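Participant: So you can see what is in the structure, the chains are spelled out below.
Number of protein chains: 4
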Amino acid sequence: MSVIKKYTIDRLLQRGVSIEDIAEVAFNYLTTNKNLNINLDECINTLLDILNKREILHKIILGIDIDEIVERNLFESPIMDVIKGDDGLFGVDELFGINIADLYGAIGYNTFGYFDKTKPGIIDRLDTSKDTVNTFLDDLVCGLAAAISSKLLHNYMETSNLNTL
Amino acid sequence: MSVIKKYTIDRLLQRGVSIEDIAEVAFNYLTTNKNLNINLDECINTLLDILNKREILHKIILGIDIDEIVERNLFESPIMDVIKGDDGLFGVDELFGINIADLYGAIGYNTFGYFDKTKPGIIDRLDTSKDTVNTFLDDLVCGLAAAISSKLLHNYMETSNLNTL
Amino acid sequence: MSVIKKYTIDRLLQRGVSIEDIAEVAFNYLTTNKNLNINLDECINTLLDILNKREILHKIILGIDIDEIVERNLFESPIMDVIKGDDGLFGVDELFGINIADLYGAIGYNTFGYFDKTKPGIIDRLDTSKDTVNTFLDDLVCGLAAAISSKLLHNYMETSNLNTL
Amino acid sequence: MSVIKKYTIDRLLQRGVSIEDIAEVAFNYLTTNKNLNINLDECINTLLDILNKREILHKIILGIDIDEIVERNLFESPIMDVIKGDDGLFGVDELFGINIADLYGAIGYNTFGYFDKTKPGIIDRLDTSKDTVNTFLDDLVCGLAAAISSKLLHNYMETSNLNTL
Chain A
1 MSVIKKYTID RLLQRGVSIE DIAEVAFNYL TTNKNLNINL DECINTLLDI
51 LNKREILHKI ILGIDIDEIV ERNLFESPIM DVIKGDDGLF GVDELFGINI
101 ADLYGAIGYN TFGYFDKTKP GIIDRLDTSK DTVNTFLDDL VCGLAAAISS
151 KLLHNYMETS NLNTL
Chain B
1 MSVIKKYTID RLLQRGVSIE DIAEVAFNYL TTNKNLNINL DECINTLLDI
51 LNKREILHKI ILGIDIDEIV ERNLFESPIM DVIKGDDGLF GVDELFGINI
101 ADLYGAIGYN TFGYFDKTKP GIIDRLDTSK DTVNTFLDDL VCGLAAAISS
151 KLLHNYMETS NLNTL
Chain C
1 MSVIKKYTID RLLQRGVSIE DIAEVAFNYL TTNKNLNINL DECINTLLDI
51 LNKREILHKI ILGIDIDEIV ERNLFESPIM DVIKGDDGLF GVDELFGINI
101 ADLYGAIGYN TFGYFDKTKP GIIDRLDTSK DTVNTFLDDL VCGLAAAISS
151 KLLHNYMETS NLNTL
Chain D
1 MSVIKKYTID RLLQRGVSIE DIAEVAFNYL TTNKNLNINL DECINTLLDI
51 LNKREILHKI ILGIDIDEIV ERNLFESPIM DVIKGDDGLF GVDELFGINI
101 ADLYGAIGYN TFGYFDKTKP GIIDRLDTSK DTVNTFLDDL VCGLAAAISS
151 KLLHNYMETS NLNTL
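Which chain is which? The protein sequence lines are A, B, C and D, in order.
Position 36 of the first sequence, counting from 1, maps to 36 under my numbering, and the rest follow consecutively.
Position 41 of the second sequence, counting from 1, maps to 41 under my numbering, and the rest follow consecutively.
Position 39 of the third sequence, counting from 1, maps to 39 under my numbering, and the rest follow consecutively.
Position 98 of the fourth sequence, counting from 1, maps to 98 under my numbering, and the rest follow consecutively.
So here's chain A without its partners, still in its complex pose:
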């Protein structure tokens, strides 16, 4: 595992988010479909594979950094209050998450949106946490869980239909 990948996983853990937490969001979502035969380990391994992309690692690190800079009151601009309040018009946090999901195709868009609205598992815990600023982190987790789901669905559909199309 590369240094930056291990660093990113540690940073997520320090903010209370484990690899399993993220994989579970995708697993619970995918297993609502009875036709899919997917287990939690596949979701975990898919996430570990997704975390080989440096562009994704950069977004996770920067997003967590921004959340922490807001917690430490280091921004001098009015953006402080916008981020702290998770202002619905802010839009940059969602951009980070969507852009992670996006790397695995268009089906990730609506999965991201669905997670962001229904807040399953760890996402709800992040969203309602009182002591920490998780404005970016919750969207990052939605994006990662949507990416797991898209990647697994693509694999599944590509193998099952290879000859019919």
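To be clear, the hints were calculated from the coordinates, so they are not data collected in a lab.
Note that this is a predicted model, so its numbers are computed, not measured.
Treat the hints with care, since some could be wrong.
Which copy? The list can't say, so a pair holds if one copy fits it or any two copies do.
[As the list claims (entries may be wrong)] Under the rule of at most 20 angstroms between Cα atoms (straight-line distance), these lysine to aspartate or glutamate pairs were calculated in the EDC-like manner:
1. 151 / 49
2. 5 / 81
3. 5 / 131
4. 5 / 21
5. 151 / 87
6. 53 / 86
7. 119 / 158
8. 117 / 21
9. 151 / 41
10. 6 / 81
11. 130 / 86
12. 6 / 86
13. 5 / 76
14. 53 / 20
15. 130 / 81
16. 5 / 158
Based on the hints, put chains B, C and D in the right spot on chain A.
Facilitator: Chains B, C and D alone, transformed into the frame defined by chain A:
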């Protein structure tokens, strides 16, 4: 009203989708938030305003055209069956819808995804219709309803917070 | 090679675009950077790998299908003239291309835009062809060439910096 | 003018970027097309109108904030060096810029990419500045100039073709 705008509204109607049908999806969604004081007429007028953008009209017309070309079996390529089956990997239909929502900011992403998963009102009727191909149409309607919602929320938040930030 | 991948490569050839044509656009672009040691074969192999994604194959097939349906005058709607004229406001053709580039990260955006404006190699030939409608095809080629470039740059940068970050 | 809009314009000025600098990039680009009769004042006024969107103001402020936090060495994570070096794989800076251009339709994508590669006017000055970190700022300016261009082109094309389509 421009010729192309009227033409687009007529095409939607011929496919069973009225301006009110689309506005209602946004209205029912927005009014789950008790703090928002929005009525159906505002949703209708917002949609009529959105339909002044030619880029959006083009997507609606082309999307409906593709659905109809599939119905008439005019595509000779394997894309026929992909579109007819609303294959989860296809992705182009969602791209049309997301791109409409997108023009009104990042909050449209998750609203689009939420509508696409939960299929409120007319979207469910399109999705379960047996006789017609609505692969593009249902995503266009999700995109338009998400655009109404984003545009109204932006207006609402920008007027209410103008001075605080 | 899957049936659908072979089919897509044949369709491109029938429209006058070979795998080498597309790879050359990326190759000529990448080799303006003296620090990169990349050969044409790597560009070709990268493209062949990109063409394993069904979501990309679908966009290529549908884009070419639309160009041909316009040539055969099968659309009954005003979208005919919009596509035939490659109307600058149309926007859907660019969306197909961007979305292909996008799957390989954000650096693909500006490469796509740069190809679309400067029209190197085969892209210029498509754009100035008088007898055929290539409204979608030229953007698809820009997208594929940008995807090759992004994928190779990502590989290059990830291996060269693995330990520094 | 709202407090936040004025604040944003002041922040840009403190970083060496005036409204006129940005408008000039769009003006010089648009006037390479002899058919367009556009003057610098229109570009300036269009930019001032674009700066009424809070979502855009937020991206500008946060982008500049991040550049400054990197200058002041306040990030503790490895993202510091990634941003300082304007690492080609970083991708978040381009996302900010593209997302601004995007709000004005798909034609903004390639204009953004073209500016980002060719670096006209102020963009080159930002990019080669030795003393300051402008990783986000140069992409923000590309995005704003592309937005001006798209918005003016849309207006121009929609008025000129209103009846033909």
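Participant: State for each hint whether it applies.
Facilitator: Okay, the hints, checked on the actual structure:
1. 151 / 49: For residue 151 and residue 49, the Cα distance is within 20 angstroms both inside one copy (10 angstroms) and across copies (16 angstroms).
2. 5 / 81: between (31 angstroms within a copy, 16 angstroms between copies)
3. 5 / 131: neither (27 angstroms within a copy, 31 angstroms between copies)
4. 5 / 21: within (17 angstroms within a copy, 37 angstroms between copies)
5. 151 / 87: between (30 angstroms within a copy, 15 angstroms between copies)
6. 53 / 86: between (27 angstroms within a copy, 17 angstroms between copies)
7. 119 / 158: neither (29 angstroms within a copy, 26 angstroms between copies)
8. 117 / 21: Answer is within: at 18 angstroms inside a copy they meet the 20 angstroms cutoff, but 22 angstroms across does not.
9. 151 / 41: For residue 151 and residue 41, the Cα distance is within 20 angstroms only inside one copy (14 angstroms; across copies 28 angstroms).
10. 6 / 81: between (31 angstroms within a copy, 17 angstroms between copies)
11. 130 / 86: within (12 angstroms within a copy, 35 angstroms between copies)
12. 6 / 86: neither (28 angstroms within a copy, 22 angstroms between copies)
13. 5 / 76: Only across copies: residue 5 and residue 76 sit 16 angstroms apart there, 31 angstroms inside one copy, limit 20 angstroms.
14. 53 / 20: within (19 angstroms within a copy, 28 angstroms between copies)
15. 130 / 81: This pair counts as within: shortest intra-copy Cα distance 15 angstroms, inter-copy 32 angstroms.
16. 5 / 158: The answer is between: 12 angstroms across copies meets 20 angstroms, while 28 angstroms in one copy does not.
Consistency with the previously given hints fails for numbers 3, 7, 12, ordered from lowest to highest.
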